[in-house]
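K.L.:
Put chain B on the given structure of chain A with help from the hints.
Chain residues, written in single-letter form:
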Amino acid sequence: MSSTSVLGGVVRRREDPALIRGGGLYTDDVKLAGTAHAAFVRSPYAHARVVSVDTSAAEAMEGVAAVYTAADVEHLGPLIAQAPVGALRPLLNNGTVKHVGEAVAMVMAEDPYLARDAADAVEVDYDPLPAVVDLKESLGGAMKVHDDMDSNTLVTWAGPFGADEDALAELRAGIDAAKSRDDTVVVSQEMINQRLIPVPIEPRSVLADYQAGYGRFDIYSSTQIPSALAGAIGRYFGMALNQVTVKAMEVGGGFGCKLNVYNDEVLTAYASKQLGRPVKWTETRREAANSTIQGRGWVATATMTGTNDGEILGFELEGIADMGAYSQNFTVAIPFLGLFVGSGQYRFPTYWKMDCVTTHTMTTDAYRGAGRPEAAYYLERIIDMYSREIGMDPTEVRRRNYIPASDFPAAVSPMGFAMDTGDYEANLDAALESAGWSGLLAERDAARAEGRCVGVGIATYVEVCGFGPAPLVDLGFSWAEYQMPSAFNGSGLVRIHPDGSATVSIGTGPSGQGHQTTWAQIVGDGLGMDVERIRVIHGDTEEAPPSIGSFGSRSAAVDGSACYEATRKVQAKAARIAAHLLEASEEDIEFGDGGARVAGTDSSVSWEEIAKTAYQPHLLPEGMEGGLEAHAIFSPGNATWPFGTHIAVVEVDPDTGNVQILRYIGMDDCGNVISPMIVDGQIHGGIAQGIGQALFEDAVYDGDGNLLAGSLMDYILPTAADLPFFELDRTVTPTDINPLGVKGIGEAGTIGAAQTVVNAVVDALESLGVTHIDMPLRPRRVWQAIQDART
Amino acid sequence: MYPRQFEYVAPSGLDEALALLDDNPGAKVLAGGMSLLPLMKMRLLSPELVVDIGRIGGLGDITDNGDTISIGALVRHAEVASSSLIQAQGAALAAAASWTGDRQVRNRGTCCGSMAHADVAADQPVAALALGATMVAASSSGVREIAAADFFVDVMTSALAPNEILTEVRIPKAGAGAGSAYDKLGRRGGHSDYAVAGAAASVTRSNGSVSAASVAVTGVGVRPVLAGAVAEALVGSDGSDAAVEAAAAHAVAGVEVLEDLYGSVEYKIHLAKVFTARAVKAALAAAG
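One line per chain: the protein sequences are A and B, in this order. Start counting the first sequence at 28; every next residue gets the next number (our numbering). Start counting the second sequence at 121; every next residue gets the next number (our numbering).
Isolated chain A (complex conformation) (with noise of 0.2 Å):
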């Protein structure tokens, strides 16, 4: 290891000047010459049967290309995705339409605003048929969503993992017969856990510019995994992996939503090869609510059985999570995201069972969070209002449930998965001395003697990110539809030029977590280079090894590791050359400094000097190959387990039922830090989406299907003006199944926030006898939720 380390350190974000004055390259900047741009004709209805489309005032209208409509798809089948339960999307429709917003036609014009005008003059005859939207409805299968399907669930998930049904029945009789107990109490809540729109500040997009004098595709799309677009687009077209080439330079944000591969991706693909010119698409704002994939969507009840004096004895979920109309690259996966965690950091037994339904509405799938946040929420509310039915203080209650620290390398939790290390005590404790714990609840105490509504809430939680192939192999999960060889191993490849400057070539890339700084500090730390000379190399499936993409807080733990490793075998041949040029012992040369050194002299050599080297065999060490660059991939044995705690003040306005967070703190541990101010920056972010959840967003359908919420002025997004200052700080608990030690943390601030807010709001109304409201607790809910209560 170099003798500087600037793992660690704080650096400033090096893209952030390029991307915050213009000068980043999205897809949506790339023009080619000749693009035709593409529209949908999409349905209005949530359930209709398409009596007929007629294409042929589009066609004659000036400046248009063509129109297809379902038969000229159908050849190519529907979309693929990775656990393809259920009906899996056609990628245009002139059957039976089954959400708003589904693809009828696609019309091709000269510009975007012809190609708008075009699809507006596309006739289509529906005749409209009633819609399920209830999730309870849906489960109960009065209407089916899918004739052809014998009901509207597509697999129902139970745990501990691996029960059988004799094992969970004799785990619900032990939780049965605790509630009996003379000295239990026994609390139960049904909560909704709403949908919500992912809404990247850049939305979807894709170019594709099929090269017939070549057979082969350049694909530029705004996704946050190339790979498996790449490995889609060769399957649909019958072509090799090595004729697709995917390029997603700059993403502006995905949260998952652009984890899936789309039916607009494979038809801007089709259009462009049919027609043999460049083919654009861009999904405007008010499209986007209906055509790209939504998240969360449960309502499922939490019970909670423990005795008076604070052991819980038993957790049990049961509920139904809203899969959508189609299933997409996960769909149906997630929810079993949140039964990996369905026990959270505790060890109490916990029964879990989630129905996933399918619905007349868009498709649900990844999501920041994923299954996990939902998972979270609905334990720490229920914990929470255990802690009060019993009287006692809601940390000590989460204290004496933890998985205790000495059980951790070995620890397996109550879900039945080998969790890597963990320390939640002192994580909890952290929390409580940076909040000042005790004197937050006097001051509450003091504002509410003044009649002021003032709540304090906490909430711990575990995520489980970063993964690895093992455990996800062993559960099934695989990219095999995608043409990708194994689920989620990490790669990197590392080459230093002639000139001593260094690639770092990665096929996961940032949607805004900042991997041209992140990257360059692992490599720069490893080589003792300046960041400064390291470039990164991201989203282009030409220049990168194959990797799996963006998602799951993996990027780090997994693609990171991959890179370190690299770095390694690029630093041990450094070594040697350094010790050639030197005459010194390989063993004596450390890094540093922009170049080698032998350990305490002042003999030193550049890596420019090594590089020139490196390049000209006549000058290596006998029997060494020219060149310098290394390749690694790894594969990780285990998942990570980040955790903490997040602490909210709020004032609630009863005469309103206005919400103000006054106070926000967060206490997380992802392991060793490489980045502190990325750290950072990823936890308000996700903080700013779990505090959404809480208070402003709703993807609120109608009973007809109709998403009411489907413009930015309805679907309200937080934003800085209305969020606190957050005081964050961090426990460190290194991971031991990646040389970095690094957990995940793009997700964990979302699956720790929301329900935060929730147990301060409901802490500030306490003595107004409210025990839950429902998200997003806009003024209209609370205020609501006070006038129950006092009748």
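Hints may contain errors.
Just a sample of chain A residues kept apart from chain B, beta carbon distances all over 12 Å, derived [said to hold, decoys possible]:
no.	residue
1	A142
2	D152
3	E229
4	Q238
5	G240
6	F375
7	A453
8	R475
9	P525
10	L722
For each label pair, taking beta carbons as the anchor points, the in silico distance ranges come out as [said to hold, decoys possible]:
no.	chain 1	residue 1	chain 2	residue 2	range
11	A	A432	B	E365	53 to 61 Å
12	A	L52	B	V129	32 to 40 Å
13	A	D336	B	M162	52 to 60 Å
14	A	D152	B	G262	47 to 55 Å
What the hints contain is simulated information worked out from the structure, not anything from laboratory work. On a predicted model such as this, the values are computed, not experimentally measured, just so you know. Here a beta-carbon is modelled for each residue, glycine too, at the ideal position from N, C-alpha and C.
P.N.:
Chain B only, in chain A's frame:
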């Protein structure tokens, strides 16, 4: 989002702009574009001609006329919010401007444009009503003055004729012992975003009692309205909290209150009363 095709003209003089409106009955006037352009992009509105008044001179000033203040058609919300003259003499309108949209919207959107757009939940109209503003509309046949009370007609409908441009909003200065205030609950909580419900009040105190009052509410019905019954109950009262709260009970008298995503009828009625009381109390405090 892509609007339908339209013609765009940016005349340099008001007469030219007004002639264009005469010749093109379907034309729309563009100032800051914060209301018009989203409607066009969503294809809810597709004018054949857009007349951009942004290059016409003389419309961008806040002018002290002695007894009144004129706000020209190109004065932005940010300028209204930061004007010390309006803060002192028409505080309700300055507050309304400061809570409109976000910083970018306030730097583009205009006070007059918001009036002309007449959104049911907008901030400017309710302040104009309470302050007793005068709307100055120009057409090729001359200038017409419209009282704010007659200006807001229906959902997104003002009293402007298609060939008229709202060139000026004129507010009377607060006299001795007078004050005004605006308060609301925004859709994203606090004062942020469109009003779920809100109220503006302008009051005058003399000899220990309320001698004049004007109160208006927004967000509750199809248009912002004067709450005449509240003003009536206030005038002659001592302006005590009890008197204000009793008066505020009439906040939606005669108004058909409508539910939306942000509030039930019951909640909106309640909020209208709460914010009427808060606005009146703040106005009384400002009146001294």
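K.L.:
Next step is simple, just say for each hint if it's right about the structure.
P.N.:
Hints and how they fare:
1. A142: 8 Å, violated
2. D152: 21 Å, holds
3. E229: 15 Å, holds
4. Q238: Fine: 28 Å to the nearest Cβ keeps A/Q238 off the interface.
5. G240: 33 Å, holds
6. F375: Label holds. Min Cβ-Cβ 36 Å, cutoff 12 Å.
7. A453: 35 Å, holds
8. R475: Consistent with the label, A/R475 stays out of reach of chain B, its closest Cβ about 21 Å off (over 12 Å).
9. P525: At roughly 48 Å from the nearest Cβ of chain B, A/P525 sits farther out than 12 Å, so the non-interface label holds.
10. L722: 7 Å, violated
11. A/A432 - B/E365: 53 to 61 Å: Holds, at about 57 Å.
12. A/L52 - B/V129: 32 to 40 Å: 35 Å, holds
13. A/D336 - B/M162: 52 to 60 Å: 59 Å, holds
14. A/D152 - B/G262: 47 to 55 Å: Between A/D152 and B/G262, where Cβ atoms are some 51 Å apart, the hint holds.
Violated hints, listed in ascending order, are 1, 10; each of the other numbered hints is respected by the structure.
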